[in-house]
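Undergrad: Chains as they are written, first to last, in the numbering used here: chain A, 1 to 351; chain B, 1001 to 1176.
Calculated from the structure, these hints are not laboratory results. Each residue gets a CB set at the ideal place from its N, CA and C atoms; glycine is no exception. A hint or two may mislead.
Claimed, not checked - A few chain A residues that face chain B, going by a derived Cβ cut-off under 10 Å, partial list only:
| # | residue |
| --- | --- |
| 1 | I16 |
| 2 | T106 |
| 3 | L125 |
Unchecked claim - Pairwise CB distance ranges, derived in the manner of DEER restraints:
| # | chain 1 | residue 1 | chain 2 | residue 2 | range |
| --- | --- | --- | --- | --- | --- |
| 4 | B | F1025 | A | L47 | 33 to 43 Å |
| 5 | B | F1025 | A | D173 | 48 to 58 Å |
| 6 | B | L1013 | A | K269 | 48 to 58 Å |
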Amino acid sequence: MYDTTIINIVVYAKSIHIYIEQIGNNKKVRHSSEKIFILNDSYSDELLHDYIKPFTEDTPYYYVVMLDASLEQGAIPTCDKHKMSLYAELSTAKYICIDNKWACYTSQLFLEEEMQLLGEIGCDLIYSPFVVLKNFYADKTKGEIALYVFVQEHSLTLAVFKENRLLYGEYIDTRFEISPEEEMQLTADRLEESKDMDSQDDSIDLDDIELDEDDLNLDDDFDNLESLEPIEDLGDIDSLEDEDNPELQLDESLDAISEKAEELSNEAKDIERTSEDFKRFTLIQQSLSRFYNDERFESDFIENLYVADAVQLTGDFKRYIQDEMFLNVYIRSIEPELEICHLAKEELGLI
Amino acid sequence: MKYSYITPRKKSLLTKEAVLILTFFSISFFLLFSTYAFLLFKEYRFQKELQSIYDKKAELKTSIANMKASIAFIEEEAALANKVYTTNSVLKDSIANLFDLVPDRITLSKAKILKNGLILYGITPNKDVYAYMLEAPLRSIFAKTHTSFYQLPNGWLKFVSTNYLDNEFEDFINED
């Protein structure tokens, strides 16, 4: 009689993505719509509620689904209550066991805060990014050991799966920037690790790999930026008055300025994206290092990295990983809203 | 497989507002029907009490009628008893007077007291004794007197004396 409406909400640092699917009695999608709310000064929760409310009023069978964005979340390679405390402090956390092999957890407090975002509309299902990652790469996680990374605008979800079993899981909020000292320490660690690996495996000549910052395109981009003329120098408006057709000259100059400004802006964005990708690469490297060094985790040599890309990573990211970590990188684009919608439909028996 | 941290809320066809309205109407209807049922019950009880009162009234009426009939019967009985007592007194006096009338020489064997007469059976030594000592008083009381004699083997006479009052005399007796 009534359609089932699934309202999928993914909260990012600067925006909220909403994807709504209306499913008929024959389990076919009758209608879908998307909306992105930018979290600027003009945003308020009322706007979000006003957008969702009509969908909730159409049918009593509506389900609000969210992707967990809590800072204090993670995944542990056991489902045994007695062993869980070895990996994480779960006294104030909520956890669920997956396949009776591993568990993902989140802070109960953050969970309640996330649910409060929707006020009266409430929330029906909250999924961990680890579950999304596992389902997104369900065809790969059954196989040999590999590192899986779910890259979102403000976070990285890292998991090592081997034969459908999680060996390691970490959630990193990338909004917390790495200080230069940490970066230096990281570089030193990397060098040390490289030496260790060199001593272990002679087939790879690590000395040939230059870790010098000059090797990174990031600096090239910065150089390009510096080579650009300052905006003030792009056009001397006063000099236009001396020409025969001052209005035409002015228009052309303005067009040139806007083109240059756009070019500059795009380049700045590219630089920013490259910088973010480098930061992600660094964090992945750190995380992998923790996995290898921590005796609590059953470690094995990882050759493949599968990336679920929700941010359109630059080519540099893949290059960093391949060059620095010697991993085979496979990247698949992911739309988290669609993934949690798929999970919700599976859980509600709508597939 | 459950992957969500939380369980979906139970979905119902009815919205919260509809549930509230239904609850309100349900309570209202319940109260209305309860009041109606209470009134029906009270009316039933009242009708039953009324019927009971009517029955009691009818019973009392019957009882009063029976009592009146009993009173009338008792009064009649009392009157009758009184009359019998009076009659008996009169009869007793009459019998006493009768036996006073009979002289010692005459023996009565049987006496029949009728409504308006007296029949005497007895034995007398002779007719003269009877005529002087018994017939004379009888003739003074009764209007008609007739006597029959039978000779006994021992020489005495068996007699049957039949005496009747005339109507006027009888009426006079009744008035008394």
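Undergrad: So which of those numbered hints doesn't the model satisfy?
TA: 1
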